[in-house]
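K.L.:
Take a look at the letters that make up each chain.
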Amino acid sequence: MTANGLLQICGYLGVLLALAKPLGRYMAAVYEGRSATVRVLASVERFIYRITGIDPEAEMRWTGYASAFLVFNLLGVLAVYALQRCQGFLPLNPQGLPAVAPDSAFNTAISFATNTNWQGYGGETTLSHLTQMLGLTVQNFVSAASGMAVLVALIRGFVRRNADTLGNFWVDLTRSILHILLPLSFLLALLLIGQGVVQTFEPYRNVTLVEATGYDRPKQDDGGHPLVDADGNPVTGHVTVSEQTLALGPAASQVAIKQLGTNGGGFFSVNSAHPFENPTPFSNFLEMLAILVISGALCHTFGVMVGDTRQGWVILAAMTLIFVPLLFVTVLCEQGGNPAFAALGVDPAGGNMEGKETRFGIVNSALWATATTAASNGSVNAMHDSFTPLGGLVPMWLMQLGEVVFGGVGSGLYGMLVFAIVAVFVAGLMIGRTPEYLGKKIEAYEMKMAAIVILVPPLMVLGGTAVAVMLDAGKSSVFNPGAHGFSEILYAFSSAGNNNGSAFAGLAANTPFYNLMLGLAMWFSRYWLAVPVLAIAGALAAKNYVPPGAGTLPTHTPMFVGLLVGVVIIVGALTFIPALALGPIVEHLMMIGAR
Amino acid sequence: MIHHFKPALLMLLVWTLITGVFYPVLVTQLGQLLFPRQANGSLIEKDGKVLGSELIGQPFGDPRYFWGRPSATAPHAYNAGASSGSNQGPTNPALLAAIKSRVQALRNADPGNTAPVPVDLVTASGSGLDPHISPAAAAYQAARVARLRNLSLPVVEDLVKRYTEGRQFGFLGEPRVNVLKLNLALDALR
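If you read the sequences in order, they're chains Z and X. Sequential numbering of the first sequence, starting at 4, is according to the working numbering. Sequential numbering of the second sequence, starting at 9, is according to the working numbering.
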């Protein structure tokens, strides 16, 4: 790696970690209702509660909190589905795009409501501006805010004593959007426009090419069947192309929240590889920062709210310790490149540039791939399908770890706190004492719920992959031959089963089979995790505080960081290494053997 | 659960209005006011005619022009209405065949040049619309373009240098050459 590459990585991590404290402290103040913005915008909040008929003082039990969360998300799914199905009759559709097919609309609706933002469709060729705005942009905000609300409820579970309520879902949702996501998105969107991200409601623009190009198109007879010559080869006609259609739209506003809310659903098909979505190295830096900044800062929010900031730093340290080594693996693999290229007369110094953009190069493409899969973001600035085998293994495994290394906004930290509960339980078993975490006894009920949270995603990933490789409907979508084809399927279910949303995009996933299977995987992995987490929160809130005794494992020490990292890695490795061996690891051996 | 239905519906409507209408409209208006050129696609205009966008590459196959990154968009290269990468995996025979034929095409266009080919000239970009090539890829082609245009090599190299962008703020991203701008400048020499 070059010195400049190292500088870019250190600069990125430095800014990310430096922002954790101020942003984390601010978010804690927002959720505790004592930030300056909460006071200034109090009338706006009151207005929202009044017209929606919500009593902000009303406290909810964990069941009420969970059902408000579920009903709200279900309505979001229905709204996005309806918008896609009706977009042909609705305004702000300058390209006259027709209704989206039912299976694709089902998949996309679940995808955006669950904060996954898997995209089976092509952005600029499928969705009208109206669908993008009222459907996708709105879900980008509310699904992210829903995750943050669940996290805040879990934190209150640790903080409250002998309590039967966890707060008010509507208030936590409103504050997440109004005081955190909306102002940050607004600022980021303007900065991105300054760099060249498009933001307009005008239709696409045609420009004349400097040099005309062309392609061969298969000819069809009057009945629409392809014509073949006497030898059975298709008859083609040459089509000259002298114009380029520039796809435009209100992209910056959506890009800002898709990054900050760890959503990841792009405005254009190729997401943040598209020059109108991510035009410069600085826009790339801002977008990468936005992927992890809230999830990282929420660790400090947690520390502030539980009254011991060391507890937050420990979690952030564990996340960073998993993130950094995996980042270097990706960078080095992509920089190392593909040995087969050199044999064809290509200069090996450039690394593996297939699927990568020149302005980002190796380092920023690898850094983005690691960040977007550490967080459950899923936006891409390079095509993960074309990464080297081990360079592509890292993003896949980061998702399979359960999206707890930074993870989604809210969902990443609540997932990591579940791992922390498991870590103290494991430690408790070793010393033969009842485990405690933050002064709360961890008992059988919490452990059962934690087990569900940890086991559902692997079930979706491995179960879904197994079904897909057994059925023709699953195998026929594969694009790349050999072991890489298996990796494509495994990646798709790892992504959907952990609410990430990135893809090995060669897989033709816009089929009824994948739209259904991946839609279900996204659904279960979101709600079968969030609801048990709220159940844990409810159970913890009801308990009394246990003062630390001689047998209590301190959870603010480097040793606990090691224990937590160990639990995450061991669970992730034991579950997924057999499957990874069949895909990227085999392919890696084939690639270096081919030298 | 039922009693949550009404607040959920109203909440969804409120946030649809705020984040789905007010937010993008306000961003659009401010963006158009502060950065009108960027917000509308950073178009290159000359004499009232739009020649392209400086952010979106165009296909070049004539050896008298600098060639850009290979593009995997369908049905033709650099289709800015349907961005796409090749998605070919590292051991896919089709990828290796494509690279082989791209290397051959470059060698055919410039028979004397036996230097190793810069990797970005023979690998498809992520978007299929990459407007840039690396300085190495421009240097590789400079002699060919100079010869076919009857220009001296230093003239072409100077032009390449002028359209080379360094790392942003001195350290972000990679140095790169804007192919469309460079080719437009070449045409303007005549």
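Please note that the accuracy of each hint is not assured.
[Unchecked claim] Covered stretches of chain Z, as calculated for chain X (at least 3 residues, CB under 8 Å): (1) 8–18; (2) 222–231; (3) 303–314; (4) 537–551.
[Claimed, not checked] Distance windows between CB atoms, simulated: (5) X:Leu34 / Z:Ile573: 40 to 50 Å; (6) X:Leu34 / Z:His241: 44 to 54 Å; (7) X:Glu165 / Z:Gly226: 51 to 61 Å; (8) X:Gly120 / Z:Asp232: 37 to 47 Å; (9) X:Ile10 / Z:Leu592: 33 to 43 Å; (10) Z:His241 / X:Ala196: 52 to 62 Å; (11) Z:Pro484 / X:Pro183: 30 to 40 Å; (12) X:Leu34 / Z:Ala584: 42 to 52 Å.
Keep in mind that the hints were calculated from the coordinates and are not lab data. Here a beta-carbon is modelled for each residue, glycine too, at the ideal position from N, C-alpha and C.
K.L.:
What are the numbers of the hints that this structure violates, sorted from low to high?
P.N.:
Structure breaks hints 2, 3, 4, 9, 10.
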